[in-house]
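In order, the protein sequence lines correspond to chains H and Z. Per the numbering used here, residue 35 is the first one in the first sequence, and the count goes up by one each step. Per the numbering used here, residue 9 is the first one in the second sequence, and the count goes up by one each step.
Think of the hints as simulated: they come from the structure by calculation, not from any bench. Only a predicted model underlies this, so the values are computations on that prediction, with no experimental measurement involved. Backbone N, C-alpha and C define an ideal beta-carbon position, used for all residues, glycine too.
If the Cβ cut is set under 7 angstroms, some of the chain H residues that face chain Z in the computed set are:
1) E151
2) M171
3) F199
4) P418
5) K438
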Amino acid sequence: MDTSSVTAEGSACISERQNFILTTGKSKSSIHCADDSLAGSVSQRACVFCGARVVLNPVTDAAHLVHGPIGCATYTWDIRGSLSSGSEMYRNSFSTDMKERDVVFGGEKKLATCIDEIVGKYHPPAIFVYSTCVSGMIGDDIIAVCKAASERHATDVIPVESSGFLSGNKVVGYRAAAIALMQLIKPREGETVEKTRKLNFLGEYNLGGEKWVVERYLREIGIEINVAFTGDSTVAALKQAPGACLNLVQCTGSMHWVAMSLEQEFGTSYLDVNFFGAANTAESLRKIAQFYGDPEMIRRTETLIEREQARIQPVLQKYRKKLAGKRAAIYVGGAFKAVAIIRQLKELGMEIVLTGTQTGKKEEYDNLSTLLDPGTIIIDDANPAELEKFLLEKNVDVMAGGVKERVLAYKLGIGFVDHNHDRKDGLAGFDGAVRFAREVYVTTCTPVWNQLKAAGRRV
Amino acid sequence: METVATQKVKQVNENQCQQCMPLGGVVVFKGVENAMVLVHGSQGCSTYMRLTNVEHYNEPVDIASSALNEKQAIYGGEANLHKALDNVIRVYAPKVIGVLTTCLTETMGEDLERLVATYRQNRGITAVDIIPVATPSYSGTQTEGFWAASRQLVAYYAQPTERHQGINVIIPHISPADIREIKRILGLFGLEYTMLPDYSMTLDRPYGGRYQKIPPGGTKTEDIARMSGARATIQFGVTCPDNLSPGLLLEQEYGVPLHNLPLPIGLQNMDRLVETLEKLSGRSLPDILERERGWLLDGMADSHKFNADGRPIVYGEPELVYAFSSICVENGAVPVVIASGTKSSRLTGLLATFLADADERPVILEETDFAAIDEAGFKAEANIAIGHSGGKFLTERRGIPVIRVGFPIHDRTGGQRVLSAGYTGTLAFLDRFTNALLETKYESYRELRKEEMGIREGA
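Please put together the full structure from these sequences, using the hints given.
Take a look at the structure:
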């Protein structure tokens with residue numbers, strides 16, 4: 035393949051970015067990943083505010099009020115494919131729509147008025163108030179405004195300190211959201227929440243109804259979900275979070291800190307789980323059953339796994355036949371997702387030639403390396419030029435990633451699997467594994483690529 | 009005429025009808041040959057703008073960021089901006105870099121002109137034009153951002169030039185398909201012209217098997233420099249404020265006569281363009297356009313009774329809102345709500361003239377949100393809507409179909425191919441409009457009649 039033109043009109047890789055890229059089995063040094071995005075490099079990263087909002091937005095009956103100029107609210111309106119079994123309040127996007135005079139004279143008064151208006155119109159059980167670059171920059175005291183409003187309305191008005199400039203890394207925003215959640219669920223003085231046999235499911239956002247899928251399995255083996263953080267949750271249910279006897283942690287990037295805080299404050303231990311892929315799902319269910327230690331539950335778990343595997347494996351085998359040996363690339367938000375996808379693609383007999391994330395941590399990258407064959411490219415915070423270079427060099431057949439990578443893949447005539455938080459189809463559990471395999475299959479093996487290949491590569 | 013809420017009664021913005029100001033500027037620079045765009049602010053801003061453009065245009069849309077963090081927010085972003093410019097030049101090798109400010113950098117008080125001047129001096133850069141545009145979203149929406157960037161391009165390049173036979177054509181944010189149609193029409197009149205901006209090939213590329221960091225196409229900067237010597241300017245900007253009007257600048261500074269016209273969407277609007285082109289070219293209506301006009305008239309006759317049932321809500325950017333309201337009125341489907349998230353000094357006045365004979369007075373909302381649009385539409389018994397994807401709740405919550413036009417269209421495919429300009433585009437739009445009404449009608453008329461007459465099964 036001709037790759038010379040990749041670098042013809044300027045180099046694809048900025049030299050300062052070299053430490054963000056590794057080849058497994060070749061590089062001795064470890065990857066740079068905690069560094070800030072390089073100015074001028076077209077990063078796929080977002081901001082603190084974005085991170086905070088994606089974590090909190092699935093709280094269904096809360097109002098989400100963005101304190102800043104309009105853009106931040108517009109861009110994150112109904113941002114996730116999280117489903118609700120009840121209230122649809124969370125799908126609205128409220129903004130204080132700061133104007134020039136608010137920037138000059140301060141936006142606290144307007145913020146207070148906006149909170150009053152939302153309470154007056156909807157009486158939500160809680161309002162999350164997000165700070166943005168501008169409200170942070172001009173020093174609006176959103177904590178004080180929220181506190182006063184909480185007292186005025188006898189409702190929870192929770193500040194989320196998510197000024198975008200605090201970091202280009204969404205993980206910092208996850209923390210801001212986590213702090214807000216801890217504030218929300220903290221029992222009032224003198225009140226306690228009684229412990230139950232139920233568990234909390236952290237880092238589960240009910241995309242395409244995924245929480246409901248896991249809930250059905252757990253119910254079958256005899257466990258109830260107390261509340262998920264934050265998919266299909268309500269404010270009242272979140273306040274019962276201390277009553278769980280166990281916390282499951284799925285999306286580690288956003289929820290490990292919450293799990294640790296819950297352990298510290300309420301003595302609840304936690305388990306890492308992963309419901310993406312059949313093997314992961316089975317393993318996670320076994321872990322949970324083991325935790326409860328009830329032999330009857332363990333038996334039911336095995337029955338469930340056996341039944342589901344028997345049902346789906348023949349289907350997966352069909353896809354495996356079509357997909358074995360195809361070459362895949364992964365570029366996703368966090369390492370948790372990357373690991374889950376690697377495992378599933380391998381189960382489908384595929385070869386992973388490129389992996390990367392926007393926000394992975396060092397130890398996560400170390401873990402990734404162990405899952406991958408030598409020669410695999412690992413990349414942190416990639417820009418499109420780098421992605422193109424490796425996609426072509428590595429002759430990739432299909433890529434899994436977010437929306438911005440999708441068009442890049444299509445431009446190159448490469449299949450694409452949507453693994454972003456806007457997706458509409460659930461990929462968790464045994465049926466999710468089938469759906470995932472099917473998506474990989476239809477996009478890798480579509481007849482469309484033949485037409486595109488026939489057209490050839492030209493600029 | 010009833011005008012609700014030019015001064016909004018409520019403070020909180022609930023479900024945004026507008027995008028942020030730099031977003032409009034980004035699209036303009038994507039329509040300039042060999043140009044790259046850099047957003048001076050937090051990483052999140054550029055990522056959100058990329059996402060919005062990618063989802064609409066289905067093309068890779070690279071937008072660099074100066075990726076400011078807390079430290080720079082306090083101490084100034086000069087070093088980051090300079091590094092960002094270095095990297096953009098190295099990776100993209102552009103001829104033009106548009107630098108757009110954000111809420112953050114405007115609030116910080118960054119003096120972009122000075123920062124860019126220092127950069128040029130320090131680096132001795134002469135081959136790259138670096139064009140700063142102030143786009144703080146607390147003082148405008150994507151509409152103002154689009155005009156501001158176009159005007160800035162003209163201000164930057166235009167200089168006293170010899171008179172020539174060409175004309176200028178300045179457009180607002182329309183689809184690449186509309187741009188191509190307008191160019192075809194200009195070609196039919198044999199006119200030599202410069203279109204600003206022209207993203208018809210950069211944001212809607214034929215398949216070529218490659219990702220191009222800067223796709224070929226766009227207005228040439230040497231052509232922008234010659235706009236000052238043109239015979240006339242046609243600007244589709246009847247709602248464009250004077251202080252942001254590129255056409256007015258060319259008229260006032262260089263004496264280029266300005267024909268400020270509505271977009272050629274709708275029969276009468278297209279007729280006005282044709283009249284102007286006839287005058288400028290000395291040619292009469294080309295046969296093919298005459299036939300297209302005839303087909304449009306024929307189609308208008310065929311569907312007029314169906315259209316009379318339409319009670320449309322028209323929303324979006326002022327220029328498009330004006331054009332689509334015109335189509336509705338001339339086809340006997342007088343809008344019941346006309347709304348824009350942008351505050352326009354002109355829109356309401358312009359609408360008043362052609363709505364003078366309407367049987368029913370529409371509600372006109374400026375600087376509004378979807379909560380207000382929804383409420384007004386419900387009261388006025390609207391049954392169809394015209395606008396971007398932001399109106400999805402009108403369908404979800406009220407059952408009102410939305411004919412998607414404008415930007416962004418992220419929940420349907422082909423936003424870049426939506427054609428509404430010219431006689432042909434008008435007819436294509438009208439058919440979509442009428443068919444949406446017919447679809448509702450055929451779905452419901454049997455049940456409605458039965459309900460009206462109290463007919464029950466077996467009775």
